[in-house]
Amino acid sequence: MTDVKRPDPDPTTWVDEHGDVLYRFALLRVKDPQVAEDVVQETFVSALQGLGTYEGASSVRTWLVGILKHKIIDQFRKRSREVLSTDLAGDHSGAPESAFDRLREGQSPATPREWQDTPDNLLKSKEFWKVFRRCLDALPPAYHDAFSLRELDGMTTQEICKILDVTPTNLWVILHRARGRLRGCLDANWFDAGGRVGT
Amino acid sequence: MLNCKKAHEVASKGLDRELSMPERIGLKLHLLMCRLCRRAHGRMMLIRRLARWMGSEEADTILVESGAVGEKLPTEAKTRIKKALSRGV
Numbered sequence: 001m002t003d004v005k006r007p008d009p010d011p012t013t014w015v016d017e018h019g020d021v022l023y024r025f026a027l028l029r030v031k032d033p034q035v036a037e038d039v040v041q042e043t044f045v046s047a048l049q050g051l052g053t054y055e056g057a058s059s060v061r062t063w064l065v066g067i068l069k070h071k072i073i074d075q076f077r078k079r080s081r082e083v084l085s086t087d088l089a090g091d092h093s094g095a096p097e098s099a100f101d102r103l104r105e106g107q108s109p110a111t112p113r114e115w116q117d118t119p120d121n122l123l124k125s126k127e128f129w130k131v132f133r134r135c136l137d138a139l140p141p142a143y144h145d146a147f148s149l150r151e152l153d154g155m156t157t158q159e160i161c162k163i164l165d166v167t168p169t170n171l172w173v174i175l176h177r178a179r180g181r182l183r184g185c186l187d188a189n190w191f192d193a194g195g196r197v198g199t
Numbered sequence: 001m002l003n004c005k006k007a008h009e010v011a012s013k014g015l016d017r018e019l020s021m022p023e024r025i026g027l028k029l030h031l032l033m034c035r036l037c038r039r040a041h042g043r044m045m046l047i048r049r050l051a052r053w054m055g056s057e058e059a060d061t062i063l064v065e066s067g068a069v070g071e072k073l074p075t076e077a078k079t080r081i082k083k084a085l086s087r088g089v
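First to last, the sequence lines map onto chains A and B. Heads up, the first sequence is in my numbering, so the first residue is 1 and it goes up one at a time. Heads up, the second sequence is in my numbering, so the first residue is 1 and it goes up one at a time.
The set of hints was computed from the structure by calculation and includes no laboratory data. Yeah, the Cβ is synthetic: ideal placement off N, Cα and C, and Gly gets one too. Certain hints may be false.
Said to hold, decoys possible - Per label pair, the in silico range of CB-to-CB distance:
1) A:G56 / B:S20: 43 to 53 Å
2) A:T167 / B:P22: 21 to 31 Å
3) B:M1 / A:D137: 37 to 47 Å
4) B:I25 / A:D192: 32 to 42 Å
Claimed, not checked - Listed below are the simulated DSBU-like cross-link pairs for lysine-lysine, each with C-alpha atoms no more than 35 Å apart in a straight line:
5) A:K78 / B:K13
6) A:K78 / B:K28
7) B:K82 / A:K130
8) A:K130 / B:K6
9) B:K6 / A:K71
10) B:K13 / A:K162
11) A:K69 / A:K126
12) A:K130 / B:K13
13) B:K82 / A:K69
Said to hold, decoys possible - With the C-beta cut set under 10 Å, the calculated list includes, among others, these residues of chain A facing chain B:
14) D16
15) F25
16) R61
17) H176
Only chain B is shown next, with the shape it has when bound in the complex:
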């Protein structure tokens, strides 16, 4: 039977690689019985989901429209890059 610390480690590993059958079963059993670890695990999964969405191409449009982000390539940089491109560099 996994203790909480071990369960946490296995859960974190499970985000990066396929868990072995014993690891999966051990974690499942622990999560069934431990509400606090279940909650901690849920948060890790939520962070993953949110981060993947934030990294997606579609997120940019939505976040800009909502006003959550709005950084722009500075004008000087735009001018500089355009110059470089028109020189064909």
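If we strip away everything but chain A, and leave its shape as in the complex, we get:
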């Protein structure tokens, strides 16, 4: 047991040290600033109460993020029932299919939407990430929640079905549509809009 790995004994210093990081982590997932504040507060309070359980195996930051993840999942669980039915019922756009049909209808190799940027170039582009975030935030709530759990956090579909209280078939439809919409949004706002790295 080393002192270095113990959290600072004064928990109020955690807020200055980790508050912004935790807030951004939460905001990316729950979208609503007020909800993000609430889950961050709950995280710090739980951390304080569970201080004795901190084993020093990970950094304090990672420990706090671990607690925060659970708080965010609780939020998703709470709101899953209200958002899901509206989002599924209200979406007849069939986004993935239409995007796919556009492709199938044939475009010459010279047309845009080639997504030429390599992932490594994209990773370095500040502008790209702003667009990516806007597209992500534009997803309807149920799509956003499912996509966050699956793609940002890499949870299994079984785990997500339990959290959002949906059947595997419904989850598949939600994820399929979310991916289609995100792709359509990135096409329209970056790849087709001439947003290229270095331009």
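Following the hints, put chain B in place on chain A, whose structure we already have.
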């Protein structure tokens, strides 16, 4: 032989569960022959890779440094939380 719509569905399923052998072979064959589906599939994989990176702990530091994100926990919230913590709640 899968048509494009079916291939797209199988590809999307493949992001969430292990595909059966016939599904895998069907998709592979289709992608070999269909350039447009190959491209669409590539985009789905790219989105996955980008999203996983964005969700990682290391991404935050890099995105903040680059100026892509920069939201901060509002000062009032910080004060409120510190108060709660000092009360030991």
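Do the hints match the structure? See the list:
Taken as a hint, the range 43 to 53 Å holds for the pair G56 of chain A and S20 of chain B, whose Cβ atoms sit roughly 45 Å apart. Separation of T167 of chain A from P22 of chain B is about 24 Å and conforms to the stated range, judged on CB atoms against 21 to 31 Å. Distance hint for M1 of chain B and D137 of chain A: a CB-CB separation of about 40 Å, consistent with the stated range 37 to 47 Å. The hint said 32 to 42 Å for the Cβ distance between I25 of chain B and D192 of chain A, and at roughly 33 Å that hint holds.
Proximity of K78 of chain A to K13 of chain B is assessed by CA-CA distance (about 27 Å); at most 35 Å being required, the pair is judged to hold. For a cut-off of 35 Å, the pair hint linking K78 of chain A to K28 of chain B is broken: about 40 Å separates their Cα positions. A hinted pair counts as satisfied when its Cα atoms are at most 35 Å apart, and K82 of chain B with K130 of chain A qualifies at roughly 31 Å. Between K130 of chain A and K6 of chain B, the direct Cα distance comes to roughly 33 Å. Compliance with the 35 Å bound is thereby established for this hinted pair.
Between K6 of chain B and K71 of chain A the CA atoms are separated by roughly 38 Å; this puts the pair beyond 35 Å, and the hint is violated. Note on K13 of chain B and K162 of chain A: the hinted pairing holds, with a Cα-Cα distance of about 19 Å set against a maximum of 35 Å. The suggested pairing of K69 of chain A with K126 of chain A holds, with an alpha-carbon distance near 26 Å, which does not exceed 35 Å. Simply put, K130 of chain A and K13 of chain B have alpha-carbon atoms about 28 Å apart, close enough for the 35 Å limit, and the pair holds.
Annotation: proposed proximity of K82 of chain B to K69 of chain A holds, straight-line Cα distance about 21 Å (limit 35 Å). This hint holds: D16 of chain A has a C-beta 7 Å from the nearest C-beta of chain B, less than the 10 Å allowed. Hint on F25 of chain A holds. Least Cβ distance to chain B is approximately 7 Å, under the 10 Å limit. A hinted interface residue such as R61 of chain A counts as satisfied when its beta carbon comes closer than 10 Å to some beta carbon of chain B; here the least separation is about 7 Å, so the hint holds.
With 10 Å as the threshold, the beta carbon of H176 of chain A comes within range of chain B, its nearest partner Cβ sitting at about 5 Å, so the hint holds.
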